[in-house]
Amino acid sequence: MDPLCSQAFGAKQPKLLSLTLHRSVIFLLFCCIPISFLWINVAQILQFLRQDPQIAGLARTYLLCSLPELLTNSFIHPIRIYLRSQGITRPLTLSSFSAAILHLPLNFLLVNRLKFGVAGVAAASAASNFIFLLSLVSYVWAYGLHEPTWTKPNLTDCFSGWKPLVRLAGPSCVSVCLEWWWYEIMIVLCGLLSSPQATVASMGILIQTTSLIYVFPSSLSFAVSTRVGNELGAGRPNGAKLSAGVAVLIASVMGLTASTFASGMRWRWGRMFTADAEILRLTSAALPILGLCELGNCPQTVGCGVLRGSARPASAANVNLGAFYLVGLPVAVGLAFWAGVGFCGLWIGLLSAQICCAGLMLYVVGNTDWCFQARRAQSLTCAGGGTVVAADYEDDGQPLMTQQRV
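Counting from 1, one number per residue, gives the positions in the sequence shown under the working numbering.
Some clues are possibly wrong.
In the DSSO-like style, the derived pairs of lysine-lysine whose C-alpha atoms are separated by at most 30 Å in a straight line are [said to hold, decoys possible]: (1) Lys12 to Lys152; (2) Lys163 to Lys15; (3) Lys163 to Lys152; (4) Lys12 to Lys241; (5) Lys152 to Lys15; (6) Lys241 to Lys15; (7) Lys163 to Lys241; (8) Lys12 to Lys163.
Using C-beta positions, here's what the derived DEER-type ranges look like [stated by the list, open to error]: (9) Arg268 to Val215: 15 to 23 Å; (10) Gln47 to Pro148: 47 to 55 Å; (11) Ala339 to Gln197: 17 to 25 Å; (12) Leu155 to Arg113: 43 to 51 Å.
No lab work stands behind these hints: they were computed from the structure.
None of the values given here were measured: they were computed from a predicted structure.
We put the beta carbon where it would ideally sit given N, CA and C, even for glycine.
Model the full structure from these sequences, guided by the hints.
What follows is the structure, encoded as structure tokens:
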């Protein structure tokens, strides 16, 4: 959805944004069905993977209570991209702020007062997401921000021409999943180490830490994706190239800052989450490695945004597959289990994956033919007016979206 919306807006085809929004919401709602079945049966899956039954039960409880959040996310993410591609960010910020303010008291009420535990955490998150969605839609509708690009949903258009969207969504989804599944695999592998409860808990703290740091390069990635898409859609390849270069430079500074923060807080950070001596020991040992990972994670995240804005999600998916699963996973398993390094071995595997991923991603971005990408963006959106009709082309530079005048 990112490249279609940003390039369409740059090419001055606002109505294409609305149609892409409708199709994306419907597509994600359909995707909720298999994901729901997976979540319902997650306890059996985790026990099949030889995980602790207590941990498997907690995971099932959390995911069952998160099912409403799955539905709200099917609306939130497309609307967020729809607005961001037009440079409309104020309602996103205000809605996030309102949801965050209510999230803390909801957590306190459900977890501390009502003693719902893990179920309360999931329910609070689902409620906060619903509040975010409600406030976002209300703000946009009240101020008429949707009017320049909005068209009423048409069932014929919404349920036709999915092939171009799916052909971009598939590799984009695979790219994100390949990276984030790595962290899930890390948690599963932690359950196979000695003292699994301590290693899983420490991994949870560290993943929360890297998720917190990830907010900054991720935000920059979204911004550069939109900027690159707008510039390419408007036929300005030099502007897209400049935006990509500046973003990568800023991401490098972010990585250095994050690395310094993680290393400097190694003895204090874990105490914000627990007082358990074993968990604190594991966390403090892995935090410097996490900091080194961020040196690669920040630039590669932004590089992925550049590829997303230029409608090349397949390239990002190939990079993530090679880096995380052909390099990082063997290193992690080898060090953690065969070499006896243990918990830190998993993080050294992640470090090798991040270095490889950042190098490959920056190589792809650095060797981009921006003039070709600008021509390709024009053919993807086919500048002009009329009713949007889907075509069957993608990376060969032929139309991904064609239009017929009526």
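We went through each hint and held it up to the structure:
no.: 1; hint: Lys12 to Lys152; in the structure: holds, 19 Å
no.: 2; hint: Lys163 to Lys15; in the structure: holds, 19 Å
no.: 3; hint: Lys163 to Lys152; in the structure: holds, 21 Å
no.: 4; hint: Lys12 to Lys241; in the structure: holds, 20 Å
no.: 5; hint: Lys152 to Lys15; in the structure: holds, 10 Å
no.: 6; hint: Lys241 to Lys15; in the structure: holds, 27 Å
no.: 7; hint: Lys163 to Lys241; in the structure: holds, 29 Å
no.: 8; hint: Lys12 to Lys163; in the structure: holds, 23 Å
no.: 9; hint: Arg268 to Val215: 15 to 23 Å; in the structure: holds, 20 Å
no.: 10; hint: Gln47 to Pro148: 47 to 55 Å; in the structure: holds, 52 Å
no.: 11; hint: Ala339 to Gln197: 17 to 25 Å; in the structure: holds, 23 Å
no.: 12; hint: Leu155 to Arg113: 43 to 51 Å; in the structure: holds, 46 Å
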